[in-house]
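Protein chains in written order, with numbering that gives the first Met the number 0: chain L, 0 to 289; chain V, 0 to 162.
Honestly, the hints are just simulated from the structure, not real lab data.
Any given hint could turn out to be false.
Unchecked claim - Short, incomplete list of chain L residues facing chain V, as computed with Cβ under 7 Å:
| no. | residue |
| --- | --- |
| 1 | 6 |
| 2 | 33 |
| 3 | 36 |
| 4 | 37 |
| 5 | 40 |
| 6 | 42 |
| 7 | 152 |
| 8 | 153 |
Please read these numbers as outputs of a predicted model, since none were measured by experiment.
All C-beta atoms, glycine included, are put in the ideal place defined by N, C-alpha and C.
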Amino acid sequence: MKPPPFTYHDPRTIPDVLDLLAEKDNARLLSGGQSLMPMLNMRYVLPDDVIDLNLVDGLSGIEAANGSLRIAGMTRQRDIEFSDAVSACCPIMTEAILQVGHRQTRNRGTLGGSLAHLDPSAELPAVAMALDATIHVESKRGRRDIAMADFPAGYMTPSIELDEMVTAATFPLWDDGHGYAFIEFARRHGDFAIVSAAALLTVDGAGRVDRVSVTVSGVGPSPVRCTEAEDMIMGQTPELELFREAAETARAYDAMEDVHAPSSYRQHLAAVLSRRALEKAQTRLGGSNG
Amino acid sequence: MADRRRISVTINGDTYEREVETRLLLSDFIRHECELTGTHVGCEHGVCGACTILLDGITARSCLMLAVQADGHELLTIEGIAPNEDELHPLQQAFMDNHGLQCGYCTPGMLTTLLEFLRDNPDPTEQEVRIAISGNLCRCTGYQGIVDAALDAAGRLRAEAGA
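Bound-form chain V, shown alone:
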């Protein structure tokens, strides 16, 4: 007999109520139950960082949480970062402009990780950016484009905050 529970999770402002098996990973809940497939699943053991989401405003690897543990909490995923359908978030725009992505697999995790990092460190050094993304694997870019994008985004976000 599968152990099941009814949970309610708010993702990007929308509330999702589902009955799930207690062993269901949060990453699979987001992708399969809520059909928000922007969150990517790479290694499923907490090494690649692709499934990083924000849980109540701080990052977590969604493959290392059970969906039932998110009951009553607020999540932000890649789908919730842009201000609207037509506009990109300055961090997303900076990735586009600096070749911060190629295949795009690691990108959702990079963006969620950097969203938290730039909020806490608005004016980082290159070395600090490299440490911040050390838990996110990219096999295309060699990271240089991602680091450039993060530093560019930091400048854009500072300008925006100052304006």
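Isolated chain L (complex conformation):
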């Protein structure tokens, strides 16, 4: 349970990080370390070089402007948790982040680390999927933006190249008064969720749903948007029976199976939790979001 030998680098600027990434062919970026350090301790990963991002300038910060929330990669989960700007304009992010690990891990863990690690049950990738976030990545070859829908390439594998790093993510904001909910089922508060669900909702003047987003995670290898459920709810008057029918579509998704839960149980949770998330989002419609 000790990390294998590696060469440690602590660059101070983004160009220095990108130079190292371009040069080293078996390197790992160390951000908050709340996933990479256990993987090093258990020797699941054996990098020749570890590039520590903790001393790099200009990689953290939260900015809400022009209808979107931009959070830099090295921003600590703690700073998102305690940000008044985030809870005011993007309350689903605050609700989700309070379910990310424990205080001790949120104090160190980062947004970019969680997105790049892409654990199938992690909360932040699920929020990114629910909000149609854009992930900003950078390498020596240049910058590019990846839609969250295209970001997962497979189980715990983001669609970024070995010389690229996640520098920030932009989350489009929903209108004031939108309904939202992020709920999860875990064996113990702060444990990895077995399944979680996110729902966002707005209604028009006639009380019909004019925008909806439903996401489940911990089911497949990466978070899934429940597009069938969204299509069933769109344009309808929100009510419990509709939510129940729509959420039932999540039961048909292919689900992982492991020591914590068989796939049938995950499918059951996907249906139940997405219904509960929709119900909770509805109760918050018209609130002051915050």
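Given chain L, work out where chain V should sit, using these hints.
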């Protein structure tokens, strides 16, 4: 060739300068290099919470940090909590009085976690205490004594702050 660096870390007010291998965990630096064995190491992958320390005033799991990352920083460990050799911190006294420990293995992590928590939430509910210690495993007490101790300590610390 091992990758080594010279680092300087302040722990409980004392400065420790050592040359260490860059892969050395902060928990092992504290225990083996600085000989402060009050910080316990349970799982070494960030699950049990026993190795929790305060880094510049906020908690972190020392098994999930490299010692080199603490270079130039200030740490507080279990050894630095009591005001002096003869007196316990009110949180430590509350643990003693409420059977908040049995074997003592999880205790350093419980105390460091609760020190930060009670500083930020001086008047918590029982449920808030349970969530605060949800990242710390205890296999002896069933947690009830720890929760009682935390609530008792909160009262003592409030009284102290008011006095």
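Here is what the structure says about each hint:
no., hint, in the structure
1, 6, "holds, 5 Å"
2, 33, "holds, 6 Å"
3, 36, "holds, 4 Å"
4, 37, "holds, 4 Å"
5, 40, "holds, 5 Å"
6, 42, "violated, 11 Å"
7, 152, "violated, 26 Å"
8, 153, "violated, 24 Å"
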